[in-house]
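Starting from the given sequences, assemble the full structure and let the hints guide the process.
Protein chains: 2
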Amino acid sequence: MKTRIAVVAAVAAVGLAIVWSQDAQRTVSLVITGGTVVTMDPAGRVIPDGALAIDGADIVAVDTADVIARQFRGAEAIDAAGHVVLPGLINTHTHAPMVLYRGLADDLALMEWLNKYIFPAEAKTVSPEFVRAGTRLAALEMIQSGTTTYADMYYFEEEIAKETKAAGLRGVLGQTVVQFPVADAKTPAEALTRAEAFIQTFKNDPLITPAVAPHAMYTLDGPMLTASRELARKHGVPTLIHLAETRDEVQGAEERFKTSPVRYLDGLGFLGPGVLAAHAVWVSEPEIAILKSRGVGVSHNPESNMKLASGTAPVPAYLREGVALGLGTDGAASNNDLDMFEAMRLASFLHKLHTGDPRVVNAREALAMATIGGARALGMERSIGSLEPDKRADVIVVGMRGARQTPMYDPISHLVYVTRGDDVQTTIVAGKVLMRNRKVLTLDEASVLSEARDWAEKVRAAVN
Amino acid sequence: MKTRIAVVAAVAAVGLAIVWSQDAQRTVSLVITGGTVVTMDPAGRVIPDGALAIDGADIVAVDTADVIARQFRGAEAIDAAGHVVLPGLINTHTHAPMVLYRGLADDLALMEWLNKYIFPAEAKTVSPEFVRAGTRLAALEMIQSGTTTYADMYYFEEEIAKETKAAGLRGVLGQTVVQFPVADAKTPAEALTRAEAFIQTFKNDPLITPAVAPHAMYTLDGPMLTASRELARKHGVPTLIHLAETRDEVQGAEERFKTSPVRYLDGLGFLGPGVLAAHAVWVSEPEIAILKSRGVGVSHNPESNMKLASGTAPVPAYLREGVALGLGTDGAASNNDLDMFEAMRLASFLHKLHTGDPRVVNAREALAMATIGGARALGMERSIGSLEPDKRADVIVVGMRGARQTPMYDPISHLVYVTRGDDVQTTIVAGKVLMRNRKVLTLDEASVLSEARDWAEKVRAAVN
Chain A
37 MKTRIAVVAA VAAVGLAIVW SQDAQRTVSL VITGGTVVTM DPAGRVIPDG
87 ALAIDGADIV AVDTADVIAR QFRGAEAIDA AGHVVLPGLI NTHTHAPMVL
137 YRGLADDLAL MEWLNKYIFP AEAKTVSPEF VRAGTRLAAL EMIQSGTTTY
187 ADMYYFEEEI AKETKAAGLR GVLGQTVVQF PVADAKTPAE ALTRAEAFIQ
237 TFKNDPLITP AVAPHAMYTL DGPMLTASRE LARKHGVPTL IHLAETRDEV
287 QGAEERFKTS PVRYLDGLGF LGPGVLAAHA VWVSEPEIAI LKSRGVGVSH
337 NPESNMKLAS GTAPVPAYLR EGVALGLGTD GAASNNDLDM FEAMRLASFL
387 HKLHTGDPRV VNAREALAMA TIGGARALGM ERSIGSLEPD KRADVIVVGM
437 RGARQTPMYD PISHLVYVTR GDDVQTTIVA GKVLMRNRKV LTLDEASVLS
487 EARDWAEKVR AAVN
Chain B
37 MKTRIAVVAA VAAVGLAIVW SQDAQRTVSL VITGGTVVTM DPAGRVIPDG
87 ALAIDGADIV AVDTADVIAR QFRGAEAIDA AGHVVLPGLI NTHTHAPMVL
137 YRGLADDLAL MEWLNKYIFP AEAKTVSPEF VRAGTRLAAL EMIQSGTTTY
187 ADMYYFEEEI AKETKAAGLR GVLGQTVVQF PVADAKTPAE ALTRAEAFIQ
237 TFKNDPLITP AVAPHAMYTL DGPMLTASRE LARKHGVPTL IHLAETRDEV
287 QGAEERFKTS PVRYLDGLGF LGPGVLAAHA VWVSEPEIAI LKSRGVGVSH
337 NPESNMKLAS GTAPVPAYLR EGVALGLGTD GAASNNDLDM FEAMRLASFL
387 HKLHTGDPRV VNAREALAMA TIGGARALGM ERSIGSLEPD KRADVIVVGM
437 RGARQTPMYD PISHLVYVTR GDDVQTTIVA GKVLMRNRKV LTLDEASVLS
487 EARDWAEKVR AAVN
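Going line by line, the protein sequences match chains A and B.
Under this note's numbering, the residue at position 276 of the first sequence is numbered 312, and the numbers go up by one with no gaps.
Under this note's numbering, the residue at position 139 of the second sequence is numbered 175, and the numbers go up by one with no gaps.
Fair warning: there could be bad hints in the mix.
Which copy is meant is left open, so a pair is good if it fits within one copy or across any two.
[What the hints assert, rightly or not] Dumping the calculated DMTMM-like pairs for lysine to aspartate or glutamate here, alpha-carbon to alpha-carbon at most 25 Å:
1. LYS152 x ASP393
2. LYS475 x ASP458
3. LYS201 x GLU424
4. LYS475 x GLU357
5. LYS222 x ASP393
6. LYS494 x ASP85
7. LYS468 x ASP99
8. LYS160 x ASP446
9. LYS201 x ASP490
10. LYS152 x GLU401
11. LYS270 x ASP241
12. LYS160 x GLU321
13. LYS152 x ASP446
14. LYS494 x ASP446
15. LYS222 x GLU112
Everything labelled a hint here was simulated from the structure, so no lab data went into it.
Structure representation (structure tokens):
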């Protein structure tokens with residue numbers, strides 16, 4: 037009799053425990069569970085059977101699958117078993133609509149490429165409609181390859197912003213300012229006016245960070261560089277610029293100003309937090325110290341630098357000095373795609389070869405450049421770049437079970453050395469699923485591809 | 037009445053014409069039609085709406101889809117509309133079973149990598165069973181990524197040959213000869229005995245070309261290098277060797293023999309037609325002339341050379357001097373995959389950067405290295421490497437319709453600059469379809485991956 041009562045009491049206690057545990061579970065919008073979670077947090081945590089609780093636009097918790105299951109119930113669930121769960125990739129330098137020019141001309145000297153192909157094509161095709169079609173195609177490719185945030189410099193950037201938002205991507209989008217007449221502005225002053233209107237329209241957008249994009253120190257005079265920077269400072273938005281990309285740029289600066297591009301901009305008071313310098317290839321050690329002390333972010337573009345034969349950026353020195361360093365693909369006219377996994381791999385390969393040391397830019401450093409490093413370079417490290425509670429839920433689920441990825445000894449090695457954008461299964465930005473099991477949900481793939489092919493006919497006609 | 041007779045006569049004439057045309061059609065085993073055919077033939081023909089007639093193991097005709105449709109009826113047909121039809125890719129340097137070590141250790145100095153990881157792992161795991169499982173995995177990856185012929189150097193090469201044949205791939209397979217004891221031979225003399233038995237077994241095989249693979253000039257003494265070469269000459273089979281891969285190899289040769297690796301081998305009478313030199317990184321201009329005059333083939337491995345920081349091979353000079361130049365991935369322990377599209381892209385990127393000239397190694401040259409150039413380097417240019425009548429039907433159909441490949445201005449640019457192995461849809465060797473619409477037909481994918489994961493457990497245990 038005593039035994040029976042004890043058993044009943046025990047059963048009742050277990051029942052109570054279950055009820056209590058269920059009551060303690062918080063319902064959140066999305067739980068991703070069962071994968072290897074590569075957090076890229078400051079401790080570098082990799083959780084083999086991990087999970088993520090997401091509520092609305094934010095990450096609520098990152099832990100083992102067991103702990104998350106005890107604490108959270110997801111209104112929606114994603115099973116990531118056999119996959120890797122990773123912060124969404126951050127492409128810190130693109131010209132998104134230029135996907136419509138990819139492969140139009142390759143293997144040419146820079147001036148022939150620009151003068152015979154890119155400039156004539158741009159003169160005859162760039163329009164709001166072109167830019168929107170190009171952005172849709174670029175967004176499709178980025179979502180499919182795991183990029184969740186991108187930094188962009190092009191014309192009609194407000195159109196790019198609308199399409200980026202519609203696709204559900206996060207963008208740091210810079211309205212281009214350049215001295216000569218371009219498709220969306222006859223003068224740099226007009227470009228600045230357009231940039232300010234753009235900033236005002238998108239200033240409080242949760243996905244779009246408007247920015248000013250003075251093209252480069254060799255395509256703008258000093259007053260216009262300063263005016264661009266002042267506009268960005270006035271509104272507290274980022275400034276995106278090409279910097280020290282080619283030897284020609286350095287030689288030009290020496291001839292015209294008796295100084296280097298970095299020192300010239302520094303002399304104008306241009307450099308400071310909020311500036312993202314794309315390429316930064318031809319930068320000396322003392323100039324690296326200037327970039328670091330001014331809090332400038334750098335976007336490294338290994339594929340573009342190789343294909344255009346621009347040179348080799350001093351990446352090991354940037355890493356050693358702690359410069360905020362992100363990774364970019366550059367526009368697809370000069371790369372020719374937007375796959376950030378390949379950018380990681382090439383960043384690692386290139387600097388190993390260049391230094392003669394296979395230990396340089398290891399897999400974790402390459403992955404950091406494409407995630408938390410990019411966030412730092414954009415000044416967004418408090419909201420994106422790693423999987424941590426209270427950050428935005430920008431997350432990708434990467435397939436890791438194909439022949440090319442078998443066996444797997446180390447997920448970080450595999451992410452950098454054998455993974456491609458096509459392995460990404462699921463892409464989430466601000467808690468919203470943009471692609472699930474390779475099906476893009478925010479864009480109609482067939483119509484995006486079809487309109488891109490129509491534009492290609494016009495581009496072809498423009499250069500013939 | 038007259039009109040009616042005329043109509044009847046006309047109908048009868050058309051009927052006759054149809055009958056005549058059908059009679060003139062030859063029935064062949066396979067017709068591939070509707071794609072852009074990139075032939076890589078001496079004229080460099082690209083046929084936009086092209087087709088291929090294949091009978092048995094051979095290509096019968098390559099022409100427009102119309103002409104092929106008039107002349108041939110395929111017992112089987114493959115619709116390649118929207119795709120590119122290309123000669124199967126030729127990987128001129130691999131160690132196939134090392135896929136089982138991919139990602140085991142990266143980012144290490146060469147000696148640490150070898151002594152702490154690769155040598156201990158090989159000592160405890162290399163066996164006929166390991167080699168067979170590794171070859172199955174490598175074959176799966178190669179078929180999936182469009183490689184139809186590969187050159188290999190490893191241990192138990194007869195087991196590799198059996199699996200290669202079973203998978204339906206073409207292989208130039210070299211039995212390794214090395215001075216120190218290895219898994220399949222205690223002495224180099226024993227290795228030579230095994231190599232000769234291997235040659236005799238596979239000498240007349242339609243898919244397997246047996247070869248002798250003396251490892252390198254620094255891992256064999258002069259008599260054994262000579263004996264290896266003599267064995268290959270005696271049987272008229274290729275000789276595969278690593279050559280001038282690292283600066284250390286060159287310094288060692290200088291110290292021990294007061295000469296360079298190339299000159300040392302030439303002094304032994306080793307160099308000649310049938311020799312394939314892998315890497316050939318540290319080769320001077322006069323030594324390039326030696327390789328050319330001796331008819332040596334070269335295998336360029338840009339990814340391995342970058343990741344291991346070995347150096348930059350003088351590829352523009354090889355091309356200029358007309359050295360038979362192929363492309364390779366190297367073993368997956370040092371790359372870490374077998375994707376020849378990435379090897380093409382990196383060959384182009386690397387030499388543009390190294391020379392500072394974006395015109396160097398253009399897309400067509402990179403594609404040639406992976407196809408007809410590889411065939412020349414292996415001495416097989418009369419049977420493979422291009423789509424021409426009377427060559428073997430080694431053909432791949434490459435998907436070209438994804439977002440990353442849209443729009444397409446030039447198929448050759450796209451093949452090199454934006455395509456990955458995963459875009460390959462169909463792989464055919466000697467007229468046999470090994471993969472159709474991404475489904476591999478000659479290997480059971482799930483069991484190949486599962487046994488590879490089992491082997492990985494043993495590898496992990498061996499290095500811990």
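Going through the hints against the structure:
1. LYS152 x ASP393: Classified as between; 18 Å across copies, 40 Å inside a copy.
2. LYS475 x ASP458: Answer is both; intra-copy 12 Å and inter-copy 17 Å each pass.
3. LYS201 x GLU424: within (24 Å within a copy, 50 Å between copies)
4. LYS475 x GLU357: neither (41 Å within a copy, 49 Å between copies)
5. LYS222 x ASP393: Neither way: LYS222 and ASP393 sit 49 Å apart in one copy and 34 Å across, limit 25 Å.
6. LYS494 x ASP85: Answer is between; shortest inter-copy Cα gap is 22 Å, intra-copy 51 Å.
7. LYS468 x ASP99: within (20 Å within a copy, 49 Å between copies)
8. LYS160 x ASP446: between (49 Å within a copy, 20 Å between copies)
9. LYS201 x ASP490: Within one copy, since 23 Å is at most 25 Å while 46 Å is not.
10. LYS152 x GLU401: between (39 Å within a copy, 22 Å between copies)
11. LYS270 x ASP241: within (18 Å within a copy, 76 Å between copies)
12. LYS160 x GLU321: Intra 42 Å, inter 47 Å, cutoff 25 Å: neither.
13. LYS152 x ASP446: Between. Shortest inter-copy distance 16 Å satisfies the 25 Å Cα cut-off; intra-copy 46 Å does not.
14. LYS494 x ASP446: Between. Shortest inter-copy distance 15 Å satisfies the 25 Å Cα cut-off; intra-copy 47 Å does not.
15. LYS222 x GLU112: neither (50 Å within a copy, 60 Å between copies)
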